[in-house]
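Given the coordinates of chain A, work out where chain B should sit on it, guided by the hints.
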Amino acid sequence: KAGVTQTPRYLIKTRGQQVTLSCSPISGHRSVSWYQQTPGQGLQFLFEYFSETQRNKGNFPGRFSGRQFSNSRSEMNVSTLELGDSALYLCASSEGQGGNSPLHFGNGTRLTVT
Amino acid sequence: GESVGLHLPTLSVQEGDNSIINCAYSNSASDYFIWYKQESGKGPQFIIDIRSNMDKRQGQRVTVLLNKTVKHLSLQIAATQPGDSAVYFCAENLSGNTPLVFGKGTRLSVIA
Chain A
2 KAGVTQTPRY LIKTRGQQVT LSCSPISGHR SVSWYQQTPG QGLQFLFEYF SETQRNKGNF
62 PGRFSGRQFS NSRSEMNVST LELGDSALYL CASSEGQGGN SPLHFGNGTR LTVT
Chain B
13 GESVGLHLPT LSVQEGDNSI INCAYSNSAS DYFIWYKQES GKGPQFIIDI RSNMDKRQGQ
73 RVTVLLNKTV KHLSLQIAAT QPGDSAVYFC AENLSGNTPL VFGKGTRLSV IA
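Those sequence lines, one after another, are chains A and B.
To convert a position in the first sequence, counted from 1, into our numbering, add 1.
To convert a position in the second sequence, counted from 1, into our numbering, add 12.
Keep in mind that the hints were calculated from the coordinates and are not lab data.
Honestly, I wouldn't trust all of these hints.
Said to hold, decoys possible - To spell it out: a stretch of chain B is covered by chain A in this simulated footprint if at least three of its residues, at any positions, have a beta carbon under 8 angstroms from a beta carbon of chain A; those stretches are:
hint	stretch
1	49–62
2	109–117
Said to hold, decoys possible - Under the rule of at most 25 angstroms between Cα atoms (straight-line distance), these lysine to aspartate or glutamate pairs were calculated in the DMTMM-like manner:
hint	chain 1	residue 1	chain 2	residue 2
3	A	Lys14	A	Glu76
4	A	Lys2	B	Asp61
5	B	Lys116	B	Asp61
6	B	Lys116	B	Asp96
7	B	Lys68	B	Asp43
8	B	Lys80	B	Asp61
9	B	Lys83	B	Asp67
10	A	Lys58	B	Asp43
11	A	Lys2	A	Glu96
12	B	Lys80	B	Asp67
13	B	Lys116	B	Asp67
14	A	Lys14	A	Glu83
15	A	Lys2	B	Asp96
16	A	Lys2	B	Glu51
17	B	Lys83	B	Asp61
18	A	Lys58	B	Asp61
19	B	Lys54	A	Glu76
20	B	Lys116	B	Asp43
21	A	Lys58	A	Glu76
22	B	Lys116	B	Glu51
23	B	Lys68	B	Asp96
24	A	Lys58	A	Glu83
25	B	Lys116	A	Glu83
26	B	Lys54	A	Glu96
27	B	Lys54	B	Glu27
28	B	Lys68	A	Glu96
29	B	Lys80	B	Asp43
As the list claims (entries may be wrong) - Selected chain B positions facing chain A (Cβ under 8 angstroms, derived; list incomplete):
hint	residue
30	Tyr44
31	Ile46
32	Phe101
33	Asn105
Predicted model only: the values in this text are computed from it and were never measured.
The beta-carbon is built from N, C-alpha and C at its ideal position, and this holds for glycine as well.
The following block holds chain A by itself, in its conformation from the complex (with noise of 0.2 angstroms):
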């Protein structure tokens, strides 16, 4: 099977711009799960999906903020950017809902908000 697949790699945004980030689960994973990633903060969750729905939700402002598609297929959205932002975001897809299945990254889309 196909791994997760992020879309794109690599983004340069400016402060006060707004960003569209994809993610394609492996086939047959309903949830897909976000992530950020810094030197000083680690892994941070984000937001889940299952079945269109988010189910968790991590303590982000709410410029973050995603979606899930019929299809399992997820974008997050990040509005008026701040550098703090910089980071690299990573989806994961899982069989099941929640944390009590492994997680499976794809290598993450590198954001730089300059």
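The following block gives chain B in isolation, referenced to the frame of chain A:
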């Protein structure tokens, strides 16, 4: 704050030696744990998992040990190879359908 952490941020081992990477967790109700390996430029890669009803699980060259008494998790890598050089994360599931919580990571460097 995070309930999952690692004792050492870096670990250097000689090629061929065994590596032991440690992780502490604070929530005694946690029932599922995973180890991940992250190489430069890549996302975390699943290595092995263990549920709280077990205290040991073995994979190919890797063993995970769970000590629920002291809330400690470790990953043992046998005959460490240069390709094992990476950052290793432990992750914890606190309860039910909550998301995995990750530790900060340990960077393993293998000396040839």
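inquiry  = Could you work out which of the previously given hints the structure breaks and list their numbers from low to high?
reply    = The structure conflicts with no hint, since it agrees with every one listed earlier.
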